[in-house]
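Here the protein sequences come in this chain order: A and C. For the first sequence, the residue numbers in my numbering are 2 to 304. For the second sequence, the residue numbers in my numbering are 2 to 304.
Incorrect hints may appear among the rest.
In silico BS3-like cross-links for lysine-lysine, where the CA-CA straight-line distance does not exceed 25 Å [unchecked claim]:
| no. | chain 1 | residue 1 | chain 2 | residue 2 |
| --- | --- | --- | --- | --- |
| 1 | C | K120 | A | K120 |
| 2 | A | K271 | A | K62 |
| 3 | A | K271 | A | K124 |
| 4 | A | K271 | C | K120 |
With the C-beta cut set under 8 Å, the calculated list includes, among others, these residues of chain A facing chain C [said to hold, decoys possible]:
| no. | residue |
| --- | --- |
| 5 | I60 |
| 6 | F64 |
| 7 | S106 |
| 8 | V252 |
| 9 | G254 |
Hints listed in this document are in silico derivations from the structure and should not be mistaken for laboratory results. Cβ coordinates follow ideal geometry from the N, Cα and C atoms, glycine included.
2 protein chains.
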Amino acid sequence: MLKVPEHQVAGHLAIDGKLGPLVDDSGRFYKPLQGDGRGNKELAFYESFSSDTRVPDHIRKYFPVCYGSQLLEASNGSGLLHHLVLQDIVSSHRNPSIMDIKIGSRTWYPEASDNYIQKCLEKDRRTTTVSLGFRIAGLQLYEGKESGYWRPGRKEVQSFTVYNVRSILRRFVSSNSSIGNENSDCSFAPSIYGGSAGILEQLLELKAWFEDQTIYHFHSCSLLILFDKESVSKGSASVPEIKLIDFAHVVEGKGVIDHNFLGGLCSLIKFVSEVLSDSKESSIKDCVESEKPGICTDNGNCQ
Amino acid sequence: MLKVPEHQVAGHLAIDGKLGPLVDDSGRFYKPLQGDGRGNKELAFYESFSSDTRVPDHIRKYFPVCYGSQLLEASNGSGLLHHLVLQDIVSSHRNPSIMDIKIGSRTWYPEASDNYIQKCLEKDRRTTTVSLGFRIAGLQLYEGKESGYWRPGRKEVQSFTVYNVRSILRRFVSSNSSIGNENSDCSFAPSIYGGSAGILEQLLELKAWFEDQTIYHFHSCSLLILFDKESVSKGSASVPEIKLIDFAHVVEGKGVIDHNFLGGLCSLIKFVSEVLSDSKESSIKDCVESEKPGICTDNGNCQ
């Protein structure tokens with residue numbers, strides 16, 4: 002009953018005889034515990050996190066539910082292997098558009114070895130991690146029944162510049178995404194990024210927690226943005242989601258805030274809010290140009 | 002009329018025939034333009050900053066006024082040298098307690114050379130820069146007429162740990178600072194860190210700007226905290242001050258917020274607000290223990 006996840010946009014894929022995560026039909030995601038200690042560190046994080054009463058409920062919803070670990074046949078045929086059993090956060094979406102954004106202007110942590118730090122630093126400098134405080138680690142964009150998904154390859158993703166990131170954050174919420182970056186209409190920005198349940202409000206809620214919490218430092222952790230473009234187009238009340246994933250490099254905060262994650266999060270917030278305010282401005286312009294005697298509503302429509 | 006600044010707590014000192022800044026009696030500070038281009042970069046920053054209309058007035062007050070540059074006899078006897086002419090921000094204080102805090106979890110910038118980056122990174126890892134997002138670069142603490150100033154030496158400052166930083170932020174606003182770190186009473190915390198014109202409010206005002214501004218990235222820049230302990234003790238209305246200094250490594254923001262500075266600033270804010278809330282808690286305890294039928298006021302006194 003286990004299969005390769007259809008909508009995995011980053012990380013190791015369980016294809017071509019390789020080791021990777023699996024999913025079942027009941028909404029669970031099985032992530033193999035990596036042998037170098039990372040897997041156990043991630044399991045330990047989930048155990049500590051799920052029982053930590055200092056984490057408020059409105060923050061807990063940004064993390065996948067963890068159901069412990071389980072011995073399973075590994076996807077690479079190497080036999081039984083411990084897997085972390087998590088909520089499959091994609092399973093509730095039909096045609097999910099997903100962005101995996103690794104947060105922080107460094108992916109290494111002070112306690113790591115010199116070799117590990119140099120390796121991470123090199124990649125952080127090569128990508129937008131150092132300059133932006135985050136990098137896109139993978140994405141898929143549902144473009145419609147005919148075109149299917151746009152999912153750039155790993156090499157393309159790793160070469161994204163600041164300019165590309167800005168374009169993709171626009172293209173991600175555009176109805177004409179397949180036409181090309183320059184002409185993105187950002188018509189879904191008000192309903193995906195904006196609004197009281199939108200991505201921006203969720204990012205701000207996370208930010209408020211990160212300004213205060215000194216329990217964990219989330220190195221090399223990803224923030225997923227997920228939504229269903231089709232249900233948005235049809236005006237149904239599908240809520241865009243944010244989830245944090247990948248906790249193999251979480252360390253204790255020891256009374257200090259996670260300023261590395263927080264800085265990157267604030268940078269992402271600035272980018273998202275710019276897309277949103279640009280889209281509002283252009284709909285005001287559209288209203289004016291169409292000579293409708295109206296005001297633009299919050300979701301960018303003319304009244 | 003030029004002399005060596007009495008209250009310089011970090012940077013090159015103009016003593017023993019060395020090159021360093023000078024001050025005069027009219028409240029001006031003369032900083033020699035370093036020959037490796039840094040001096041000119043700092044001058045260029047001040048010129049760009051002072052004419053940039055995007056910088057709001059309530060933020061401008063956190064920067065020293067710049068009066069251009071001037072040829073002066075250098076302090077090391079090497080002859081005439083261009084000096085940056087700045088407001089001497091210490092001159093308005095009689096017995097200033099000063100802390101120089103270098104903000105950011107990295108002091109290098111992406112465009113720098115590999116050698117420079119490695120040199121900075123090493124120091125950032127050796128100090129609290131990486132772990133805290135800031136490091137104390139120097140300080141002096143006025144302890145009273147008899148004891149004068151406590152000013153730890155450069156080596157001591159460079160070896161400050163997270164624990165030391167937390168102690169010093171308490172000791173900085175204590176009336177019994179000379180007794181030792183453990184017993185700091187933090188009795189000045191409500192009037193220095195707290196209140197509507199206090200350090201915490203000023204830090205929050207700066208933070209709001211850094212969440213939005215994408216003009217400059219302030220690498221290796223310092224935030225000074227200054228106040229007169231004597232006037233606070235006497236209850237006079239001396240306002241604690243924040244100034245940003247050292248702009249030789251400022252680069253263009255290119256539409257991205259300075260997430261490195263912002264993250265460190267948020268970390269400092271958390272530390273300062275913890276000292277403040279601890280001091281409030283202990284004065285409530287004092288009120289209760291003294292059985293005064295009162296409430297604690299915002300400045301930590303019993304009513």
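Hint-by-hint comparison with the structure:
In summary, the hint linking K120 (chain C) to K120 (chain A) is supported, as the alpha carbons are separated by about 17 Å, within the 25 Å threshold. Under the criterion of a C-alpha separation no larger than 25 Å, the hint pairing K271 (chain A) with K62 (chain A) is consistent with the structure, at around 23 Å. Distance hint between K271 (chain A) and K124 (chain A) is fulfilled; the C-alpha atoms sit about 23 Å from each other, no more than 25 Å. For the suggested pair K271 (chain A) and K120 (chain C), the alpha carbons sit about 31 Å apart, so the restraint of at most 25 Å is broken.
Below 8 Å, beta-carbon pairs count as interface contacts, and I60 (chain A) has none with chain C, the closest being about 17 Å; its hint is therefore violated. Here the hint on F64 (chain A) is broken, as its CB sits about 22 Å from the closest CB of chain C, past 8 Å. Using the Cβ-Cβ criterion of 8 Å, the hint placing S106 (chain A) at the interface with chain C is satisfied: the shortest such distance is roughly 6 Å. The restraint placing V252 (chain A) at the interface with chain C is violated, with a minimum CB-CB distance near 10 Å, outside the 8 Å limit.
At its closest, the beta carbon of G254 (chain A) sits 10 Å from a beta carbon of chain C; the interface hint therefore is violated under the 8 Å criterion.
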